[in-house]
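Numbering (full-length UniProt numbering), first residue to last: 1 to 488.
Read the hints as simulated data drawn from the structure, not as lab findings.
Please read these numbers as outputs of a predicted model, since none were measured by experiment.
Even glycine gets a Cβ: it sits at the ideal position worked out from N, Cα and C.
Do not take every clue at face value.
Ranges of calculated distance between the beta carbons of each label pair, as one might list FRET restraints [what the hints assert, rightly or not]:
| hint | residue 1 | residue 2 | range |
| --- | --- | --- | --- |
| 1 | Ala338 | Arg376 | 41 to 51 angstroms |
| 2 | Gly200 | Asp154 | 21 to 31 angstroms |
| 3 | Gly444 | Glu75 | 53 to 63 angstroms |
| 4 | Ala150 | Asp478 | 27 to 37 angstroms |
| 5 | Pro55 | Gly118 | 23 to 33 angstroms |
| 6 | Gly118 | Gly200 | 21 to 31 angstroms |
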Amino acid sequence: MTRSGIAGARPHRLSDGAFAALGAGRPDAATVGELRRAQLSRHMLLLREIAATAPTPGFASLVAQERADPPRVREMLARPLTGVWAASYLSALRLGSLPEEAGAGYLADLAAAPGRAGRLLTATHDGLSISVRVEDQDPLRSRLGLTPAARLTDAQAARWQELFAGAWRLLAGRLRPQAEVLAAVLDCIVPVEADPDARGISATSADAFGAVAMSEPADATALAVGLLHETQHSVLNAVNYLFDLHEEPDALGYSPWRDDPRPASGILHGAYAYLNVARFRRARDGDPLAAFEFARWRSAVVTAADELLGRGRLTAAGTRFVTALRAEALPWLDEPVAPEVARLAAGANADHRLRWRLRNLRVDPADARALAAAWRRGDSPPRVASHLREQPRRALEASARLDLAHAVLRGEPVYGTGGDLAYVRGERDAAVHAYARGLMGDPGDDAAWAGLVLTGGLSAEPEVLAAAYRALGDRNVDPITLATWLSS
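Whole structure, please, built from the sequences with the hints as guidance.
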């Protein structure tokens with residue numbers, strides 16, 4: 001830093017080998033260090049632009065402090081929420097509107113603070129240590145996209161520490177290379193309010209490298225998985241500041257982890273995060289539910305990588321990155337899992353895609369009427385196209401079949417509708433006929449349409465099948481017969 005701005009930023013480079021290892025989710029310490037330095041450079045460049053745009057309280061103090069103690073000032077500037085402040089404040093300056101929590105006083109307070117306040121979560125296992133700050137006071141913590149929880153009580157903080165220590169034992173004991181990356185990247189955890197409709201929620205921000213917003217997890221395993229997942233997002237966000245991985249603008253497409261259509265950037269984020277989730281589940285031998293998650297996510301990661309590579313929207317760097325990601329997960333497809341686990345995992349992936357289609361794709365009403373007319377005449381079905389809805393629904397939806405599969409794998413009693421129960425028990429004929437009976441009474445049940453196609457071994461596109469059935473307006477028509485006709 002100089003009197004007029006920031007100095008000392010140098011170009012950031014990665015070798016081809018380091019870039020490939022990064023794509024495979026196995027960066028070494030030098031690569032992670034380069035990503036951290038690149039993020040610091042970004043924060044410093046943002047600050048320089050802010051100071052050049054408008055008077056900035058606290059900037060002169062930071063300049064003076066940097067001369068006396070450069071490491072301390074760089075530590076302050078490297079903090080995740082400093083990045084959030086710098087990005088949001090510069091954006092507000094350009095728009096001529098300054099939100100109170102993004103005001104210039106934030107930098108002055110940062111410069112005046114003697115050190116970082118707040119609790120630390122610490123853990124050591126097998127000689128590997130980690131220390132992470134609990135950020136439950138900074139006003140900018142709401143910028144991570146979730147509702148911040150109130151400041152932790154002593155009891156809540158003790159619970160977080162207990163979970164953190166347990167998660168670290170799992171990570172350092174089973175996935176040491178990934179644990180080392182986590183220790184180098186993760187700076188702070190922002191506790192957030194739980195979502196009553198979800199088992200746990202978490203998020204990161206592209207402007208907050210090393211920060212994870214997270215509701216209190218159910219157990220140490222959930223915390224370990226959540227931190228692995230979100231840290232991958234932080235790493236990929238840092239990569240995206242150094243390399244253009246995909247072209248813009250980009251069309252929306254299917255993501256195995258979301259119920260809404262996603263651009264290439266979102267699909268890549270999901271694949272990169274779930275690469276580490278699959279890796280974690282792979283390391284947990286003897287646990288049927290972990291084997292299910294491993295089988296499900298290894299396939300989903302490879303599928304997403306194949307679709308990204310096939311869409312033609314990746315840059316040369318993006319192609320190298322995704323190719324390395326795919327090469328890491330591809331051998332996992334050959335690793336054996338129990339047949340019943342494999343069946344349920346493959347079914348969960350197929351079910352998600354079917355439900356996604358019903359949720360996000362529509363059939364033109366005229367095409368649906370043409371299908372109905374062809375059915376009545378006894379003709380072959382005409383080819384019709386599905387179109388992405390103009391405003392796809394965003395909120396995530398629970399899957400009763402997935403919940404039942406989890407219960408079966410945990411050895412718990414299972415309860416549900418006839419079709420869903422038959423499906424998880426492997427009784428395909430009973431399941432498909434149960435779904436058909438239900439649809440004759442309620443043609444608007446999208447979950448049943450997905451179940452019918454899933455269990456019937458049909459190639460019909462579920463949104464086309466549902467649209468044709470509704471256009472017929474005759475509940476005496478057997479949905480199985482109609483689906484078979486459409487599949488011909």
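ask   = Do the Cβ positions of Gly118 and Gly200 conform to the proposed distance bound of 21 to 31 angstroms?
value = holds, 22 angstroms
Hint check for Asp154 and Gly200 - Cβ pair distance inside 21 to 31 angstroms = holds, 22 angstroms
ask   = Falls inside 53 to 63 angstroms, the C-beta gap from Gly444 to Glu75?
value = At roughly 57 angstroms between Cβ atoms, Glu75 and Gly444 fall inside 53 to 63 angstroms, so the hint holds.
message = Range first: 41 to 51 angstroms. Now tell me if the beta carbons of Ala338 and Arg376 are that far apart.
response = holds, 47 angstroms
task = Indicate whether the distance between the beta carbons of Ala150 and Asp478 respects the range 27 to 37 angstroms.
result = 56 angstroms Cβ-Cβ, so the 27 to 37 angstroms window is violated.
request  = Using the Cβ atoms, figure out if Pro55 sits within 23 to 33 angstroms of Gly118.
outcome  = Once the Cβ atoms are compared, 30 angstroms apart, the range 23 to 33 angstroms for Gly118 and Pro55 holds.
Going through the hint list in order, the structure does not satisfy hint 4, though it satisfies all others.
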